[in-house]
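Enquirer: Put together the whole structure using the sequences plus the hints.
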Amino acid sequence: MKLSRKITAAIAVAAGAAIALSGCSGSSGGNSGSTTVTISGAFTGAQATAFQADVSAWAKTQGLTVKYNGSNSFQTGIVTQVKGGQAPDVAIFPQPGVLKSLISNNMVPLDDLINVKSVTSDEAQGIPDIAKVNGKTYGLPYSINVKSLVWYDPAAFKAAGYTVPTTDAELMALQNKIISSGSGYPWCVGIASQGSNGWPMTDWLEEYVLRYGGLTQYNDWITHKVKFDSPLVKKAAAKVESMIFANGAVDGGGKAMASTDFGAAGNNLFITGGKAKGQCFMMRQGTFITGFFPKDIQAQIAKNDTTNVNAFTLPTPSDATTSGTLGGGDLVAAFHNTPAVKKVVNYLVGKEFGTHGYAKQWTAYLSAHNTFPEAQYASPFQKVAQNAVKQSKVFGFDASDQMPGAVGAGTEWTNLTQWTAGQESLDDALKAIDASWPATN
Amino acid sequence: MQILSVFISVVGGLAVSFLIYLGLNFIVSKTNTRWNARLLPYVFLGPVLLLIAVFLIVPTVLTVYQSLLKTDQYGLQSFGGLTNYVSLFTTGSFLQTLLNNLLWIIVVPALTVIVGLAVATLADRMGPKREKTFKSIIFLPMAISAIAASSIWKFVYYYSAPGQPQVGLLNGIWTGLTHAQPVSWLLNDTAHLNSFLLMVVVIWLNAGYAMVLLSAAIKAVPEETIEAARIDGANERQAFFRVIAPQIRTTIVAVFITVLITVMKLFDIVFAMTNGQFNTNVLGMEFYNQFFSFNNPGKASAVVVILILAVVPVIVYQVRTYREQEALR
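As given, the protein sequences belong to chains A and W, one line each in that order. Under full-length UniProt numbering, the first residue of the first sequence is numbered 1, with each subsequent residue one higher. Under full-length UniProt numbering, the first residue of the second sequence is numbered 1, with each subsequent residue one higher.
Hints listed in this document are in silico derivations from the structure and should not be mistaken for laboratory results. Remember, predicted model here, so these are calculated numbers, not experimental data. The beta carbon of each residue, even a glycine, is placed where N, CA and C say it ideally should be. Incorrect hints may have been included.
Said to hold, decoys possible - Here are the simulated distance ranges between beta carbons: (1) A:Ser71 - W:Asn32: 56 to 64 Å; (2) W:Ala110 - A:Pro294: 41 to 49 Å; (3) W:Thr91 - A:Lys117: 41 to 49 Å; (4) W:Gln96 - A:Gly273: 36 to 44 Å.
To be verified - Here are the simulated DSS-like pairs of lysine-lysine, each with C-alpha atoms no more than 25 Å apart in a straight line: (5) A:Lys343 - A:Lys360; (6) A:Lys360 - A:Lys60; (7) A:Lys136 - A:Lys158; (8) A:Lys277 - W:Lys70; (9) A:Lys431 - W:Lys70; (10) A:Lys60 - A:Lys132; (11) A:Lys343 - A:Lys132; (12) A:Lys277 - A:Lys67; (13) A:Lys60 - A:Lys342; (14) A:Lys343 - A:Lys67; (15) A:Lys225 - A:Lys67; (16) W:Lys70 - A:Lys132; (17) A:Lys83 - W:Lys70; (18) A:Lys295 - A:Lys360; (19) A:Lys390 - A:Lys360; (20) A:Lys158 - A:Lys295; (21) A:Lys275 - A:Lys295; (22) A:Lys227 - W:Lys70; (23) A:Lys295 - W:Lys154; (24) A:Lys117 - A:Lys132; (25) A:Lys225 - W:Lys154.
Stated by the list, open to error - Some chain A residues near chain W, calculated using beta-carbon distances under 8 Å: (26) Thr76; (27) Pro94; (28) Val98; (29) Gln194; (30) Asp251; (31) Ser259; (32) Gly263; (33) Asn310; (34) Gly405; (35) Thr417; (36) Ala421.
Expert: Below, the structure is given as structure tokens:
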């Protein structure tokens with residue numbers, strides 16, 4: 001093959017120029033003096049829009065640009081990104097487990113960016129320690145959610161002559177009354193969830209481990225100093241069994257619970273027709289469940305109408321150690337230490353966050369700060385949830401989210417589901433979870 | 001701006017590759033003819049071999065290395081030798097996973113071939129018009145993604161509480177016919193029932209593919225051979241098993257192995273339908289769990305290495321059959 005020298009040279013020059021050009025346009029420049037801060041998180045859609053709007057409104061006053069990037073596959077994406085050296089400035093983790101696993105990858109301790117002690121001074125006991133490792137705080141919630149709520153239909157309660165229980169004894173009495181009267185089932189429970197079957201059952205267990213054991217034992221449970229096969233966890237499990245595993249407590253019993261999607265389980269709160277239709281009266285679930293309720297109920301929620309839907313705090317048994325609130329939260333962590341990131345993190349985890357419209361627009365939002373102005377909340381449920389946190393002494397962050405993945409997102413889901421479905425005894429399930437605990441080295 | 005830069009990158013990249021070939025070709029052409037003939041193949045194959053090395057061999061080696069690392073609770077890795085393998089092979093659930101995978105790779109390719117063959121043979125007997133319609137229906141699921149198929153079949157297997165209207169098709173039929181309690185199909189691992197129900201989905205998805213290839217092979221069987229057999233007194237069954245089947249053997253093997261490899265990589269259907277619970281776990285799902293849910297890349301890599309080792313004999317066999325086939329031509 002022969003080509004004239006001239007043509008070859010011309011091609012070479014063109015190619016060289018092309019590479020130089022594309023190289024230039026491809027690189028993104030340094031970050032240190034930048035006023036743009038990127039945030040990655042797991043929430044998308046309307047929530048992401050509301051979040052972006054709030055942060056943008058605030059950032060404008062600071063001369064900053066904040067870009068939020070939400071992804072449904074955040075949990076898997078962020079690991080790849082961070083390990084590949086493509087970390088965003090700030091990431092918002094729905095689970096401390098993934099956050100903690102990335103600490104060694106250039107994560108900046110929040111102590112370097114903010115005054116942790118003063119920022120968290122008005123937060124419930126337990127919240128500041130969620131992402132504390134070796135004395136350093138790596139993550140603080142910008143928003144929390146409360147799981148210790150029982151949802152009910154006030155109209156259905158009224159029609160059947162039931163009143164909202166305020167103590168555990170009253171709750172159990174109500175449950176027995178519902179069962180014996182045959183007017184329906186006391187509980188709606190579904191623990192299936194596409195790709196993560198079983199997590200709702202871990203919440204049930206956590207509610208009572210936290211209350212019977214108190215925060216210290218609860219945290220010891222997370223680090224496996226307290227075993228699953230321990231009197232505390234067994235006591236909590238027995239309490240759960242006495243409630244939702246009781247005869248006639250849930251339509252279809254354990255098998256139905258294991259096959260029903262947690263989101264769909266609540267639909268039967270809002271029907272009539274009693275037992276024959278599968279009507280149920282109470283559902284213990286987090287604040288986010290409102291998004292899964294039927295369309296007409298959601299329309300009522302949007303209008304802050306509580307005729308057909310409301311919530312009360314799950315009562316604490318009289319022999320418990322403490323009254324606690326179980327919940328979760330979205331934890332802010334930083335991967336770069338620049339003045340702009342500092343400002344953004346300060347805003348996100350401070351009590352001012354949400355006042356630029358987020359608390360009003362996203363009615364599932366709940367500030368971690370007890371002194372967050374109640375007037376900023378638009379929905380009655382936000383106030384119910386804030387009250388639950390204020391009144392309880394401690395806040396327990398979802399334990400399964402903090403355990404090693406192989407347990408918290410693995411055997412605990414699997415074995416508790418098997419236990420629920422009646423395929424495994426409680427003792428076997430708890431022993432199997434203990435056995436799966438990864439060796440600490 | 002971005003479009004322009006992409007355009008320049010593409011054109012530039014092509015130009016550079018062209019130049020590299022041109023340059024190497026130029027250098028080789030300066031050598032004497034004997035060396036020219038020796039070097040030239042490598043000049044043109046070289047870059048491809050390099051790409052294979054970079055994107056296939058290096059990652060494989062890295063995966064094997066990664067599988068020897070253990071992860072502590074904070075995600076820090078250190079050398080752990082065979083710890084991951086030992087821990088995998090000493091947990092009952094992983095052995096169950098292996099057993100499940102074994103079931104999958106035996107049952108699914110075999111049934112897919114049988115179903116495909118049956119449909120192809122039967123369709124062959126229909127008139128051309130009916131054959132087309134019939135085949136289109138069988139082929140239709142091929143166009144559905146695995147996740148969508150899982151959603152469809154999840155409804156088929158859906159379980160509602162006893163006494164409530166059974167929304168799930170299978171339970172609707174079951175309770176309607178037997179008046180018994182509804183069965184929670186996907187929870188029921190008696191004799192691996194739920195695993196078999198998941199397999200149905202994969203067979204449903206792949207039967208069309210098998211049918212198309214096998215049908216083409218059957219049509220390519222020379223009519224004279226079948227006629228000759230009939231004249232010699234062979235009945236339908238004998239004509240099929242003794243004349244047609246041997247002549248389409250290579251196609252059967254090809255379909256079998258393609259489906260087998262699909263099954264070994266299986267993840268999405270199990271993920272969407274049972275999440276690997278109730279004893280339906282497979283290797284692909286286990287890899288996902290270890291890597292993404294449990295944040296243990298070392299163990300995940302070990303699962304992958306086991307998978308690679310399991311696939312190797314299949315590929316060797318396939319290459320060998322392919323060679324035999326080529327040699328016949």
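Enquirer: Which constraints among the numbered hints does this structure fail? Numbers only, ascending.
Expert: Hints 7, 8, 10, 12, 15, 25, 27, 32 and 33 are the ones this structure does not satisfy, whereas the remaining hints hold.
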